[in-house]
Amino acid sequence: MVNKLRIGLLGRIVIAIITGVAVGLVAPEFVARLCATFNVIFGQFLGFLIPLIIVGFVSPAISDLGLRAGRMLVFTVVLAYAATLFAGFVSYFTGAWLFPSMLSHESAATSLAESAASVAPYFTISIPAIMPVMTALVFAFLVGLGAACVKGSAVRRGLSEFRDIVALTINKVVIPLLPVYIFGIFLNMTVEGQVGVILATFAKIIAVIFVLHVLILLFQFCVAACFNGKSPLRMLWTMMPAYFTALGTQSSAATIPVTLRQSVRMGVSEDVAGFTVPLCATIHMSGSTLKIVACALALMIMQGLPYDVGAFAQFIAMLGVTIIAAPGIPGGAIMASLGLLSTVLGFTDAQNAMMIALYIAMDSFGTACNVTGDGALSVIVDRFYGKKHDAGATN
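Counting in numbering that gives the first Met the number 0, the sequence shown runs from 0 upward without gaps.
If you are wondering where the hints come from, they were derived from the structure by calculation, not from laboratory data.
Glycine included, every Cβ here is placed at the ideal spot set by N, Cα and C.
It cannot be assumed that every hint is accurate.
[Claimed, not checked] Here are the simulated distance ranges between beta carbons: (1) I124 with E269: 51 to 61 Å; (2) P27 with G157: 46 to 56 Å; (3) G345 with M130: 40 to 50 Å.
Please build the complete structure, drawing on both the sequences and the hints.
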């Protein structure tokens, strides 16, 4: 019996873009309006789902961290968050330096918001979110910390089950329909004659982000080398099996066994690696943050929108928290960040669709950057909490 050919999410997104452009060249008006109708309804559903994603994934993560309180935990969390913030700000300042000259400002006329509204849908359905994004984030912290403090197993079990419901919704509804959503966006842009500029921009952004994620990894391992005296390039080479595994799986969680093994081979104590690698797989998001910030900045520059450092500082700081414990599915981080893109940076549904397409096009590289960097963070934690350090302190 012949196995069915399975196409991953990235492949489906690529097919959706290509077919959206091809159909857009010949599609009659009623087809464009049908796609616009679907996109409006799906965009409303995404807006409704965003607060639920934040509550469903941030609350259990905060609760789990609180239950594992300890100095090594606090040190690892602060280190991972600092690395994530650093990657975000490097991405912002590099993009602010390069993108204005790389991206044609003529595309300011190619406003994605206008693109989405240019083809009128047949009808719309309003699906308001049950709470604003900031309210959801504060609520998630309150419930997560409360569950950890009162040690209520019933609350934690409820949070875990709610997370499963949200993850199931993403896996069974959102992810299968994303290619259709992207197809409609590119079809409408083709009808409006805007798709050429967008695709050219995609290629430039992807090239910059690839170079940036390599430089971030080199920097992380140079810092790690200051704590164990080993060659940063040799350590980075040791972590390459984890890097290439993440490229294939597109999941930090699925790569944990390989990341753990390679971290130990770098000289990290087994007990430290066994603690930091699974933890950093959910809280260290340097590669994901780098991509999201660069993509958001590029889209804003392309449309002539203001991109001041204050707004992005707020966005990066909140992003480092919001995407922790993002669902172990391709594109989980970008799904969790849609609320911040809308509330902090003012993105429209069409701009969020572009972010999803851009992010998923590079999803495996961001995941690979995350898990490879976990090895560097493990080296630093091992310097302070490994067995060698403890033995030295005893002597």
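Okay, the hints, checked on the actual structure:
1. Under the hint 51 to 61 Å, the C-beta atoms of I124 and E269, about 54 Å apart, fit the expected range.
2. Distance hint for P27 and G157: a CB-CB separation of about 50 Å, consistent with the stated range 46 to 56 Å.
3. Hint check: G345 to M130, Cβ distance near 19 Å, so the stated range 40 to 50 Å is violated.
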